[in-house]
Amino acid sequence: MDIIISDNWLRDFLITKATPYEISKYVSLCGPSIEKIKKVEGDTLYYVEVTTNRVDCVGVYGFAREVAAILPRFGIPARLKEFNPKISKKTVGNLPFIIEPDHKLVKRTIGVVLTNIKNQKTPKWMQKRLIESGVRSLNAIVDITNYVMLETGHPSHAFDYDLIKHKKFVIRESKKGEALTTFDGKRYELQGGDIVFDDGDGEIIDLPGIMGTKNSVVGSDTKRVFFFIDNNEPSKIRNTSMRYGIRTVAATINEKGVDAELGMKALLRGIELYQTICGANISSKIYDDYPNPYKSKKITTDISFISKSLGVDISKKDISKYLTSLGFDPKWNNDVISVTIPSFRSEDINIPEDLIEEIARLYGYHNLPSTLMRGEIPYQISNSLYEFEWKIKNILKALGAIEVYTLSLVPKNFNNDSPSLKLKNPLGIESKFLRNNLSNSLSEIVRQNSGNYEKLFFYEIANVYLPKNDNLPEEKRIIGTVFDGYRFSEIKGLLETLFLNELHIKIEFIKRKTNQNIDIVSNNTMLGTLLETDDDITTIEFELKILHKLYKEFPAFKPIPKYPPQIEDLTIKVPVGLEIGKIIKSIKESSEFISDIELHDIYNNRFTFRIGYQNPKDNLTDKEIDVIRKKIFDKLAADYNIQNEV
Amino acid sequence: MKDELNNLKNNALGQIIEAHDVSSLEDLRISYLGRNGKINELTKEFKNLEITERKEVGILLNDVKKTIEEAILNKLKELKVLTNKEWFDYTIPGKKIELGHIHPISYAIFDISNIFEHIGFSRVSYPEVEWDWYAFGALNFPRSHPARDDWETFFVDAKPHPKYGEMLLTPHTSSGQIREMERVKTPPIRMINIAKCYRRQSDVSHYPMFHQFEGLVVDEGINITHLKGTLDYFARSFYGPDIKTRIRPYHFQFTEPSFEVDFSCTICKGVGCKLCKEGWLEMGGAGMVHPNVMKACNIDPKKYSGFAFGWGVERVLMMKPGLNIPDLRQLYSTDIRYLKQF
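Just so you know, the protein sequences line up as chains A and B, in that order.
For the first sequence, this note's numbering assigns the number 3 to the initial residue and increments by one for each residue that follows.
For the second sequence, this note's numbering assigns the number 17 to the initial residue and increments by one for each residue that follows.
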């Protein structure tokens with residue numbers, strides 16, 4: 003979470019000559035990250051990112067502790083002052099109250115009644131500090147609760163004592179359908195399971211740890227205050243706060259789990275401020291329900307583990323110095339170190355590796371050397387599929403294709419009839435389904451680009467997700483291609499170039515009898531089908547693995563013919579409706595000396611074929627070529643009744 | 017005769033220089049060097065020379081012949097150049113070939129993959145659709161961790177696994193660490209997992225889908241210095257030899273210690289600019305593999321140790337100086353006018 007700490011406030015607890023710039027530079031290297039510092043009138047502000055495991059740094063005091071430990075590592079002396087609120091113990095009266103805590107919901111509850119609230123005006127210095135820290139100033143009573151929270155790191159709350167009907171606080175879980183109105187006037191209907199305070203009659207008088215309610219809020223009329231410190235179950239605070247979208251500073255702190263040991267210090271500090279600023283009197287006993295106080299724990303490790311983990315040797319003296327400065331209590335017994343963990347780090351420090359982090363960061367990560375691994379190189383698994391995919395991308399680039407990345411999550415109508423998976427919590431219905439094909443995503447991109455091209459050839463190589471009963475889906479890697487503005491012969495030519503010339507995979511285009519779709523087949527393996535949308539966009543998908551299996555890195559070398567072919571153009575009038583493939587097949591079959599047939603030109607329905615005549619054993623004479631030519635036309639006449647017009 | 021030869025030479029050279037076309041040059045050649053040319057005429061008078069003179073004059077004659085030949089050749093070249101030099105317009109726009117385009121993300125993945133394969137990492141691509149165990153459970157996330165909320169992670173509407181929990185779209189390639197440790201079983205392990213991840217945020221600078229690359233090294237005696245070494249190696253390979261790296265404290269559930277990794281700003285070279293923080297750019301996270309994670313994969317954390325890092329492919333790509341892409345959403349644009357630029 004991001005917090006703002008005032009330099010002036012920090013120096014209430016930190017004695018050092020370090021400048022704010024130095025503090026921000028050095029602390030960022032060894033502790034919480036200070037994103038920036040900002041000079042304001044009479045102060046400097048630190049913008050600090052506190053990671054979720056370091057809620058102990060969220061309060062000014064906790065942050066001061068970090069700074070005091072880190073600065074000396076850079077040769078700058080620094081000392082942390084003790085946190086000792088001074089209160090007057092004089093009690094005026096003994097007002098009653100009853101608290102019924104639920105220990106599954108709250109770890110500790112502390113409360114006291116304060117009366118004689120005279121001055122409701124927050125002093126300027128406190129207002130300034132609150133506002134600089136990003137918290138509004140309302141009135142002295144509320145401001146003090148926020149001040150205590152920002153200074154100690156433990157949130158606190160004040161109720162108007164006179165608004166509490168029976169002076170009773172029952173801590174329980176909310177029931178579904180119950181409602182409350184927070185002090186800013188917003189009404190919420192609860193889903194159940196939230197921690198709430200009940201006034202004994204079923205009315206909710208607080209959403210603890212998050213926000214106060216209107217019916218118990220302090221205002222300008224408040225004369226008597228019930229000052230309250232509760233330490234709540236963090237995951238419940240998070241659920242409630244997120245579920246209703248009430249993201250207060252108190253909530254973001256509480257959901258990380260605050261050290262309950264801080265509770266009493268926070269209460270005393272609050273009392274001190276209420277006494278000095280508001281002239282308040284203590285008017286009750288101090289209630290403190292804390293059934294399971296922190297039991298100190300020890301973690302043990304040894305010097306060799308520390309050296310091994312860091313990669314450098316550090317003296318036992320230095321290790322102790324670093325740990326002590328952070329609030330730990332280390333004791334050496336020969337090479338074994340036993341470290342007592344303070345309450346404010348107890349959630350975070352559990353295993354020796356956690357201690358390694360503390361030692362290493364104070365030693366300074368920047369002081370560690372940098373070396374590559376020297377051990378055995380693991381057995382290398384094949385990466386040929388990745389290399390194949392890269393090869394295909396380069397071929398497609400040469401063929402004029404543009405690579406695109408589209409979102410794997412699609413609307414329902416993008417998926418074809420095959421089964422598909424959907425999300426429980428999509429961002430919207432447009433991205434609810436895991437796609438089982440690429441064609442629809444690609445066609446959509448083509449439509450979106452309308453007007454910006456004459457011819458378009460896009461492709462994407464990505465996974466599609468095919469459900470598999472109770473298992474994870476199969477993630478099939480597909481090459482999806484889409485064409486618009488290309489003639490069929492051009493698409494066919496590009497694919498033939500890709501497969502025949504570059505991947506050395508023999509392919510045929512075959513029309514399916516059942517639905518007239520055109521399939522691309524290699525021997526008997528189906529590679530892909532040409533699909534056309536209603537708006538004439540062509541898509542074809544191929545499975546990467548199948549192509550990879552058929553792929554040959556090199557074709558077999560064919561010796562260069564001793565006797566080169568002789569080339570002749572023959573123009574043939576082809577009856578309408580007769581497939582050219584059939585003509586080419588007939589010509590090829592008419593003689594063994596036909597080495598090549600290429601379609602060279604089309605005019606009306608006259609097709610000019612460029613034919614290569616070749617005898618591998620000898621040059622063909624003109625007479626021999628005449629014979630071959632006659633055979634061609636004889637066959638064409640016999641098969642299709644085509645006459646030689648010449 | 018010597019004088020005659022020298023005069024001949026000078027006359028010849030003078031005439032050659034003056035020659036203005038190929039045919040007059042040819043005439044000169046015949047006149048001086050031809051069968052009945054002036055040189056040969058002089059040669060006939062050799063017999064009138066003293067024997068002692070003949071050698072010297074012979075040499076001079078050959079020299080003169082050579083000089084005239086060369087002069088004719090050079091002049092010929094000069095004349096040829098002048099006649100061949102037709103005027104042509106070199107400013108005419110070139111006829112470019114329209115090639116296709118490979119996406120910058122693909123180039124980045126290719127480069128990253130190669131950099132790590134060079135030092136013995138195995139390239140893998142682990143599932144995008146995962147079980148909770150691989151994405152969170154085995155990675156030491158407690159049940160109630162915010163990342164497991166359904167505000168942050170996409171969950172699939174499918175039957176949960178009795179052992180591995182809910183089906184989800186992995187929010188990080190760290191799930192690959194578990195997959196790899198299960199696959200290899202016994203270290204050494206060096207993995208580079210590059211795959212798509214999904215996070216439930218979509219705003220001006222975020223896209224719900226992106227790519228990460230995750231590195232994992234597990235072996236005996238691996239420590240923080242090896243992590244630093246690997247980061248330096250990657251940074252230098254990807255951005256050039258002048259780049260500097262640093263690691264600072266951070267927090268991840270699956271590493272201890274955890275680090276934030278910074279690179280010296282590629283745009284201002286560490287001086288400080290609008291894009292960076294005092295000359296440093298945040299690249300991503302890293303850390304020493306948490307012993308709980310290794311235990312979850314049946315690797316003994318007392319014998320082995322490891323480090324891991326996981327960064328955004330798009331992030332490291334966008335930090336390349338001169339690329340100028342403002343944010344991730346732009347990088348995923350499907351507008352042909354953008355795609356054609358690369």
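If you are wondering where the hints come from, they were derived from the structure by calculation, not from laboratory data.
Even for Gly, the Cβ is constructed at its ideal location relative to N, Cα and C.
Don't take each hint at face value.
Only pairs whose alpha carbons sit at most 25 Å apart, straight line, appear in this in silico SDA-like list of lysine to any residue [claimed, not checked]:
1. B:Lys319 / A:Thr303
2. B:Lys25 / B:Arg51
3. A:Lys300 / B:Lys319
4. A:Lys554 / A:Arg479
5. A:Lys300 / B:Lys25
Pair ranges (Cβ atoms, derived) [claimed, not checked]:
6. A:Ile582 / B:Gln217: 15 to 21 Å
7. A:Lys470 / B:Gln217: 25 to 31 Å
8. B:Tyr106 / A:Glu555: 38 to 44 Å
9. A:Lys414 / B:Tyr106: 57 to 63 Å
10. B:Thr202 / A:Pro371: 25 to 31 Å
11. B:Thr202 / A:Asn415: 45 to 51 Å
12. A:Pro293 / B:Gln217: 38 to 44 Å
13. B:Glu133 / A:Lys188: 55 to 61 Å
14. A:Gly377 / B:Gln217: 37 to 43 Å
15. B:Pro109 / A:Glu555: 26 to 32 Å
16. A:Asn369 / B:Glu133: 27 to 33 Å
A quick look at each hint next to the structure:
Between Lys319 (chain B) and Thr303 (chain A), the direct Cα distance comes to roughly 15 Å. Compliance with the 25 Å bound is thereby established for this hinted pair. For the given pair, Lys25 (chain B) sits about 17 Å from Arg51 (chain B) by alpha-carbon distance, which is consistent with the 25 Å threshold. As the CA atoms of Lys300 (chain A) and Lys319 (chain B) are separated by approximately 23 Å, the hinted pair is consistent with the 25 Å bound. Between Lys554 (chain A) and Arg479 (chain A), the direct Cα distance comes to roughly 19 Å. Compliance with the 25 Å bound is thereby established for this hinted pair.
Restraint check for Lys300 (chain A) and Lys25 (chain B): not satisfied, since their Cα atoms lie roughly 110 Å apart, outside the 25 Å limit. For Ile582 (chain A) and Gln217 (chain B), the hinted distance range of 15 to 21 Å is not satisfied, since their beta carbons lie about 55 Å from each other. Separation of Lys470 (chain A) from Gln217 (chain B) is about 29 Å and conforms to the stated range, judged on CB atoms against 25 to 31 Å. Distance hint for Tyr106 (chain B) and Glu555 (chain A): a CB-CB separation of about 43 Å, consistent with the stated range 38 to 44 Å.
For Lys414 (chain A) paired with Tyr106 (chain B), a C-beta distance near 59 Å keeps the hint of 57 to 63 Å intact. Take Thr202 (chain B) and Pro371 (chain A): their Cβ atoms lie about 28 Å apart, and the range 25 to 31 Å holds. Between Thr202 (chain B) and Asn415 (chain A) the C-beta distance comes to about 49 Å, which sits within the given range of 45 to 51 Å. Checked against the hint of 38 to 44 Å, the C-beta distance between Pro293 (chain A) and Gln217 (chain B) comes to roughly 40 Å, which is consistent with it.
Distance hint check for Glu133 (chain B) and Lys188 (chain A): the Cβ-Cβ separation is about 56 Å, which falls inside the suggested range of 55 to 61 Å. Gly377 (chain A) and Gln217 (chain B) have their C-beta atoms about 39 Å apart, which keeps the hinted 37 to 43 Å range intact. Range check, Pro109 (chain B) to Glu555 (chain A): Cβ separation about 39 Å, and the 26 to 32 Å hint is violated. At about 31 Å, the CB distance of Asn369 (chain A) to Glu133 (chain B) agrees with the hint of 27 to 33 Å.
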